[in-house]
Structure formats: C-alpha cells, structure tokens
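Whenever a hint applies, use it, and build me the whole structure from the sequences.
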Amino acid sequence: MPEASQMTHAERHRVLVEALAGTIKPVRPLWPVRARLGLWLLLEALVLVWAATHTGNDFMRKFGHLDYALEVALFAAAATLAAMLALRLAIPGRRAGPTEVALSVVLALVGIALVAIGEPMRTGYSLGEFLSVGVGCAIETCLLAALPWIALWWAVKRGAPMRGAAAGASTGAAALLFAFALMRIKCPIDDPLHILTWHLMPVLVITALSALAGAAWLRFRPRGGGGESRT
Amino acid sequence: MKKADDAQRLERSRIRAHLMQRLQQGDADACRLLLDDVGPAVTRFLRGRVASDEVEDVYQEIFMALFQARHTYEAGRPLEPWLFAIARNVAADHSRKRWTRASWEELTPDLPERAAGDSPAAPPDIEGLLTRLPAAQREAFAMLKLDGMSLEDAAGRAGVSVGALKVRAHRAYKALRKLIGGEGEGA
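Taken in sequence, the protein lines are chains A and B. First residue of the first sequence? That's 64 in our numbering, and the numbers climb one at a time after it. First residue of the second sequence? That's 52 in our numbering, and the numbers climb one at a time after it.
There could be a bad hint or two in this list.
[Stated by the list, open to error] Estimated spans, in silico, between C-beta atoms of each pair:
{"no.": "1", "chain 1": "B", "residue 1": "104", "chain 2": "A", "residue 2": "275", "range": "31 to 37 Å"}
{"no.": "2", "chain 1": "B", "residue 1": "102", "chain 2": "A", "residue 2": "94", "range": "46 to 52 Å"}
{"no.": "3", "chain 1": "B", "residue 1": "150", "chain 2": "A", "residue 2": "117", "range": "51 to 57 Å"}
{"no.": "4", "chain 1": "A", "residue 1": "268", "chain 2": "B", "residue 2": "88", "range": "45 to 51 Å"}
{"no.": "5", "chain 1": "A", "residue 1": "260", "chain 2": "B", "residue 2": "218", "range": "37 to 43 Å"}
{"no.": "6", "chain 1": "A", "residue 1": "260", "chain 2": "B", "residue 2": "198", "range": "37 to 43 Å"}
{"no.": "7", "chain 1": "B", "residue 1": "204", "chain 2": "A", "residue 2": "191", "range": "49 to 55 Å"}
{"no.": "8", "chain 1": "B", "residue 1": "73", "chain 2": "A", "residue 2": "161", "range": "33 to 39 Å"}
{"no.": "9", "chain 1": "B", "residue 1": "79", "chain 2": "A", "residue 2": "259", "range": "45 to 51 Å"}
{"no.": "10", "chain 1": "B", "residue 1": "179", "chain 2": "A", "residue 2": "72", "range": "43 to 49 Å"}
{"no.": "11", "chain 1": "B", "residue 1": "60", "chain 2": "A", "residue 2": "268", "range": "31 to 37 Å"}
No lab work stands behind these hints: they were computed from the structure. Glycine residues also receive a C-beta, built at the ideal position from the N, C-alpha and C atoms.
See below:
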C-alpha cells in the first residue's frame, strides 16, 4: 500500500471508510428531546416537592393572588423553554429558533416586571439584615438549581453541541430560572428589592458562568481531531 | 425538470437517512455505502472553505466526527442538516487552529541570523544558551523547536494552557535573541 502522502483522494477515502466500518459498533441513539425534557421536568417536580415541604412560606394562600401565581408560572415556563433549547442545541443541525429564544426572554422579563411592581419596595431594614438574609437566599437559589443543572448539563453533553456557549447559557438559564420560581415558593419575603437582588442576581451570574463553561467544555470536539493525517 | 431533480434529491435523502439508521445499529455495509455516498458532497463543501492542501485532513476529521456523533442523529429527520452542521463545525475548528498557528508563527519568527562578520563554522551554542534560561522557558522552547511538537501537545505535556505555553516560548525567544546578540557583540 502506498504511503499516506502518496495516496490519491479516493485511496485515502477507501482506507478511512474501511477503518471506520471495521470498528463500527451499535450505538443507542439519543432519546427524543421531548422525552429527555420530560425526565428533566420530573426531576424539577421532585425538587419542587422538596421545596414546598421545607418552607415556612404560606405559598398556597399567595397563589390566590394572580400576580404571584403568574410570576411563578412565567419563570417555570421560561425555564422549561430554555431547557428545551439546551437539549435541542445538543443535536447537530438543530438550533435554538430566534422566536423560542425571544419568547423565553420575554416570559422572564414579564415575570421580573411583575415582581418589581407587585409589592412596594421596603426600606425599613438595616443593611446588615438585608445582606445576611439575602446571602442565604442567593445560596439557596444556587443549591436548588445545582442538581437540575448537573442533570441538564450531562444530558446536553451526551449529545454533540456545536455551539457550546449557547448550550451552556441555555442550561444555566433553565436550571436557575426554575430555581427562581421555586424560591418564590420557598422564600417568604416578597420585597422586590430582596427578590431582584438575591434571587435574580444568581440567575444572571450563574447563567453567564454556565455560558463560559459551555464554551470551554460543552462544545463537541471529536476525539483525536488534531489536524494531522490519520490514514 | 426541477420537479424531477427535487424528487431525486428527496429519494436520495431518504436512502441516506435509512443508511444512517442502519449505521447506528452497527451495520458495516451501511456505513460504507453512506460514507461513499456523502464523500463527494463533503469534498464540495470543503472547497473554498479550507486551503486546498488541507482538504484531505479536514475531510478525515469530518468523517471521524460523523462517526463519533452518530448516536445524535434522530431517525426520521433528513440527514443532511445533521451532516453539514458537523462538517461546518469541524471546518470552523480547523480554520480557528490555522489562524492560531499563523499568529503564533508571526509572533515567534525564526531566530536571528548571526552577524555578518561571524564565522559560518561557529553556529550559536543553542543548547548551552538554553541552560541559561528559566526551566519553564527552556522546556517550552525545546518541545516546540527542538522536538517539533505541536502547540497543543507541548501544552499538554507541560500541563499548561496553549496560551501560557506560547508566552513561555515567546519569552524564551526574546531571551535567546538577547543572548545570541550578546555573544555576537562579545566575539
């Protein structure tokens, strides 16, 4: 057989195809996006049950108010949409449609607007109290998002995302927006300043970090791809 | 005429999708048939996107990537968007690496020629000069220029990022230039 450098394109192609065909093994195709999204929502439901049973917040009474119910529903819907986009981005050739991205952002923005206008801002507490209570909420938001984030990251990584940053951002947004909705149930404080600072900031920060992590580690890179000839 | 072309294309796409499903099940013959069928389309795709002397390498990388990502193809969907998304990704990666390599070569030009008056029989004692460099810089220079390793491999062996390795090698270059210049002046 001639050396690789002396082969024609057809010969190289033949060698490559035979090498690949010779090592082929059956693979289990990814489950459809809808099925994987359903599993992720099931996990979120479990986290919701845990959050609902570990709170002193009378959220059932608050659900009687339309704006509160809408806030929770909008953030949960935005999170579900973001999770769907993340799972879709894991499949080559499927992309996040601009309409779906825009819808997810609009849902979250309307939710934020409802939070901001829902209750008058409280100013009667000390900075120390604001910080000590707030930091705990920020940590709790991150903890509630941790398991769903890991699960979704793993599900996306199982695919072959072509745009790592977008996949990472969608993964982060999905987990954190859902955590935001859960924190509206778990945290008894309805002060907009508290919610926007300590519940929303982690969403923005972790989503940005998740995008950076996605660009670094989520993007599909074929093993052994280094530019050198392999035939 | 156009209708006939469309029907033919549709039929071909349907066959490719079917072959891909069989490939997922581990069918070597389907693998051969499919890769033979998409080969010319991949070559056409690469022309104009990558330098002609690099088409072969990128072509291989694409096939490897298709093979590794085969579990992500969704049965019932046309194969082409999936295939060309992967091809585009590999070609873009390759262009990025090429650009990095070009800027690296620009950053670290060849070592300076010796002064005109120097004897050609007395080349600079590079190994001797290297011992005067910090260990990290010496290692970076040796791996890249003496052992001929790629940036990625050298960075992997040194346990640092490609960027950090570039900086080390660049500093080694500057130090060597200074040392060679100093030797020349002293001779």
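Checked hints:
One distance hint, 31 to 37 Å for the beta-carbon pair residue 104 of chain B and residue 275 of chain A, holds here, with the actual separation near 35 Å. Separated by about 40 Å at the C-beta atoms, residue 102 of chain B and residue 94 of chain A break the suggested range of 46 to 52 Å. At about 52 Å, the beta-carbon gap between residue 150 of chain B and residue 117 of chain A stays in the expected band of 51 to 57 Å. At about 48 Å, the beta-carbon gap between residue 268 of chain A and residue 88 of chain B stays in the expected band of 45 to 51 Å.
With their beta carbons about 39 Å apart, residue 260 of chain A and residue 218 of chain B fall inside the hinted range of 37 to 43 Å. At roughly 54 Å, the beta carbons of residue 260 of chain A and residue 198 of chain B sit outside the given window of 37 to 43 Å. In this structure the supplied range 49 to 55 Å holds for residue 204 of chain B paired with residue 191 of chain A, their Cβ-Cβ distance being about 54 Å. Checking the proposed 33 to 39 Å range against residue 73 of chain B and residue 161 of chain A shows it holds: the Cβ atoms sit about 35 Å from each other.
Checked against the given bound of 45 to 51 Å, the beta carbons of residue 79 of chain B and residue 259 of chain A, roughly 59 Å apart, lie outside it. Taking 43 to 49 Å as the suggested C-beta distance range, the pair residue 179 of chain B and residue 72 of chain A conforms, at roughly 47 Å. Distance hint for residue 60 of chain B and residue 268 of chain A: a CB-CB separation of about 48 Å, inconsistent with the stated range 31 to 37 Å.
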